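**Student:** I would like the entire structure built from these sequences, with the hints used as guidance.
Number of protein chains: 2
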Amino acid sequence: MRRPSLTLLAASLLLASGAACAADTTVPAAAVKTAEQLRDKALHDDTGYRIVESLTTEVGPRLAGSPADQRGVDWAIAKFKALGFDKVYTEPVTYPKWVRRSEHGAIVSPFPQSMVLTALGYSPGTPKGGLTAQIVRFDSLDALKAADPATVKGKIVFVDFRMHRYKDGHDYGTGSPIRVQGPVVAQAKGAVGYLLRTVGTDPHSRTPNTGVTGFRDPAKTIPAAAVSNPDADQLERALGYGKPVTVRLDLDCGIEGQYTGANVIGEITGAKHPDQVVAIGGHLDSWDPGTGAIDDGAGVAIAMAAAKLIRDLPQRPDRTIRVIAFANEEMGLWGGRAYAQKHAGEVGKFQLGTESDFGAGKVWRMSASVKPEARGAIAQIAKVLAPVGVAYDAKRPGGGGSDLSQMHGKGMAALSLTQDGTDYFDWHHTAADTLDKIDPKDMAQNVAVYAAFSYMAAQADGDFGSAPGAFADDGAGD
Amino acid sequence: MRRPSLTLLAASLLLASGAACAADTTVPAAAVKTAEQLRDKALHDDTGYRIVESLTTEVGPRLAGSPADQRGVDWAIAKFKALGFDKVYTEPVTYPKWVRRSEHGAIVSPFPQSMVLTALGYSPGTPKGGLTAQIVRFDSLDALKAADPATVKGKIVFVDFRMHRYKDGHDYGTGSPIRVQGPVVAQAKGAVGYLLRTVGTDPHSRTPNTGVTGFRDPAKTIPAAAVSNPDADQLERALGYGKPVTVRLDLDCGIEGQYTGANVIGEITGAKHPDQVVAIGGHLDSWDPGTGAIDDGAGVAIAMAAAKLIRDLPQRPDRTIRVIAFANEEMGLWGGRAYAQKHAGEVGKFQLGTESDFGAGKVWRMSASVKPEARGAIAQIAKVLAPVGVAYDAKRPGGGGSDLSQMHGKGMAALSLTQDGTDYFDWHHTAADTLDKIDPKDMAQNVAVYAAFSYMAAQADGDFGSAPGAFADDGAGD
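For the record, the sequence lines run as chains W and R.
Quick note on numbering: the working numbering labels position 286 of the first sequence as 286, and the sequence is numbered without any gaps.
Quick note on numbering: the working numbering labels position 435 of the second sequence as 435, and the sequence is numbered without any gaps.
Keep in mind that the hints were calculated from the coordinates and are not lab data.
You can trust all of the hints, since none of them are fake.
Identical chains blur together in the list; that is why a pair holds if it fits in one copy or across any two.
SDA-like mimics (lysine to any residue), calculated; alpha carbons at most 20 Å apart, straight line: (1) 220 x 252; (2) 128 x 101; (3) 441 x 204; (4) 33 x 387; (5) 220 x 150; (6) 243 x 50; (7) 243 x 58; (8) 243 x 53; (9) 243 x 71; (10) 243 x 54; (11) 167 x 365.
No experiment lies behind these values; they were computed from the predicted model shown.
**Tutor:** Here it is, written out as structure tokens:
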């Protein structure tokens with residue numbers, strides 16, 4: 001049995017007995033009451049929806065390093081200020097700039113016709129006139145890994161895994177490595193190109209999901225793209241005739257030097273402990289085909305709106321509420337890694353943190369990675385969140401979300417607030433990630449959850465266990 | 001009261017009394033029994049689905065006049081032969097060749113970002129570098145028609161009507177004229193370009209519906225395109241800021257001379273009256289973004305499969321079953337009009353006809369335009385179709401379907417077999433018109449309906465009233 005489970009058990013026993021040690025972290029009754037009011041007010045407040053509407057309309061797609069990246073940063077600074085945040089600032093984030101200019105695909109033989117595909121992040125372009133080669137199909141990443149390089153050499157690998165819809169989106173755990181690791185594995189075996197069935201759950205959509213690859217060494221890359229589900233079906237059928245299937249990829253994309261963007265940060269300054277922070281946020285960048293509404297305009301908006309509700313209280317909270325709009329999450333957590341690197345030394349000052357980056361579906365589960373003595377406070381938070389449909393799973397760790405997982409990795413106490421992702425991978429990273437996918441009521445529930453927990457963490461008597469190297473062995477994150 | 005209603009009433013009275021005149025058209029009992037067997041066999045036969053699978057896989061998109069047009073004709077000839085049709089031939093159809101090379105759109109100001117759009121049939125291209133102009137929005141075609149030309153001159157008209165889903169697809173009756181007539185009206189008022197909210201019912205899809213415009217005089221055209229529903233939402237929101245909204249259209253498309261394609265015809269030759277024909281069919285061309293599965297590979301496949309079932313009976317039917325795969329329906333019923341022009345003189349030989357061109361949803365309603373003395377035979381057909389869910393509406397005329405409406409216009413007795421089109425306009429004319437949209441069971445029901453009615457019409461004692469100029473005043477068609 002793993003140590004955290006023992007400590008969880010101990011905490012549960014303590015709670016069950018009604019006893020609490022003097023060292024236990026607790027949320028004062030007045031703060032619980034205010035959190036309940038924040039929660040209820042948020043449910044009837046459209047600030048979050050209006051923020052994501054503003055971002056996706058006024059800036060639209062925000063590919064990291066593109067001209068829209070700077071417009072996104074400008075928007076975030078202006079929005080923080082307009083919302084009345086006490087402090088607004090940026091921190092630079094530098095990363096390789098990947099650009100997408102155009103992308104086309106076709107079956108060349110035996111049945112010539114166009115294919116709908118989208119280039120993957122860090123894919124190089126094809127030679128002028130395109131790359132034409134026979135495809136070789138694999139059911140899974142494991143099958144590709146096991147393949148004799150002779151069967152792959154000179155061909156375009158096609159990995160054909162079909163994702164299904166789940167509330168927790170767990171098929172992404174299979175699909176994502178096919179997109180990230182698959183191209184690297186294929187290149188190493190001598191493939192000249194890489195295709196995958198889109199990492200997306202809408203079997204009928206012709207808008208494939210883009211996303212990043214694991215390419216790191218520019219000398220070891222091959223053109224890589226995702227075809228939509230109907231296009232993958234078509235490739236399957238074409239292969240079913242038993243003749244070689246040849247396709248052409250025509251991608252104009254690639255890395256063009258470095259770019260320095262920014263994490264944009266807004267704070268509601270704590271009245272008692274301004275240097276102690278509750279960290280929430282989302283990422284400001286998005287993939288380019290859609291307008292980044294669910295990924296992750298929603299996350300930025302949820303965090304901004306939650307902090308704004310706390311700001312509008314008669315008094316500032318005891319600790320600082322820090323909202324971070326991260327740069328370039330999509331191409332490898334660049335903003336989150338830069339942030340963690342810069343702030344690792346202050347990890348003990350991070351009271352509790354978590355990022356919203358799984359759309360705008362209702363939060364239905366909470367879990368936490370905190371010190372045992374803070375389990376009581378977490379249970380108090382859970383009790384406030386239960387009426388809006390959030391179940392506390394005391395057996396799971398909290399991961400902190402995508403970028404903030406990096407601070408969690410440094411020792412920050414973290415929650416996971418799991419959203420309903422049933423439809424998320426229908427739209428994630430596609431042209432269809434647009435504002436119409438967000439239900440304003442679900443958005444308001446998210447804001448309620450973030451406002452209530454942030455406030456309670458900010459007012460708690462005691463901390464949640466953040467310290468350098470804490471939680472190093474708490475297993476899976478988000 | 002209109003004449004057909006009186007004759008319908010008389011026929012109903014006759015049927016109710018159990019009497020039948022000597023001149024009444026009837027289906028012999030043996031033929032009814034065989035039709036029931038055909039119907040039941042069809043429900044467990046996947047021939048129709050296999051045909052549309054073959055067409056959409058092996059040929060894919062089939063834009064009229066494109067290289068795939070000839071591949072479609074070759075496919076149809078080969079498929080008719082493979083299915084054992086007695087006679088297979090083509091008839092030429094000549095029309096202007098419209099080509100689509102590329103299409104891009106963007107909001108230029110106040111919120112620069114790309115838009116997803118698709119050029120409309122017969123749209124000219126924009127000048128190199130695109131056409132940039134302010135948009136002016138109208139709620140409806142009527143509002144555009146009523147507009148002072150001064151408000152439109154030099155601008156890009158944007159007509160913003162939102163279609164909803166209905167079983168009978170009736171919102172297309174509003175949407176289609178916005179696409180067909182709207183560009184012509186806008187051009188006449190001095191607009192420099194035309195945009196419409198897609199004539200499509202999926203509010204979340206980013207794959208807009210293309211389709212033909214009413215442009216006929218190449219000197220009186222302007223670039224015309226459809227934006228997806230989320231893009232139209234975005235334009236609405238941008239306009240909501242109260243500042244001028246400027247967009248850029250960059251379309252490389254246009255008419256390139258003439259093309260001669262072909263209607264492809266397969267026949268099961270009648271044993272007694274080979275010159276008398278039951279005419280069924282679909283259209284072989286499709287729009288280019290999708291693979292033309294529901295529009296109208298399904299129709300071609302339903303008709304082919306129905307005739308194949310009749311062919312497989314121990315004896316040939318009394319009259320000929322003629323399956324017509326029409327050329328270029330999409331850009332103005334070119335195949336249907338050429339067919340009607342060529343065969344108008346033989347209209348009296350067309351026993352009964354109808355075309356399938358509304359997807360592959362289940363047939364739920366039948367109506368007919370036939371002579372009063374044939375109402376009894378229609379009621380016999382209805383009785384055979386009722387068990388598979390088809391309701392006979394004796395008060396509605398039959399239109400014959402898209403291309404065959406032209407033969408009906410010359411005097412051919414015609415049915416309408418109305419399919420469930422609830423989802424049809426989610427995919428119609430979009431990149432998402434692919435095979436996965438077809439339910440094999442629904443397809444089989446369609447084949448059952450077509451096989452049963454075609455056989456009964458072929459075996460009837462008597463005709464359904466086809467004659468030059470008949471049914472000229474039967475009102476609405478499909």
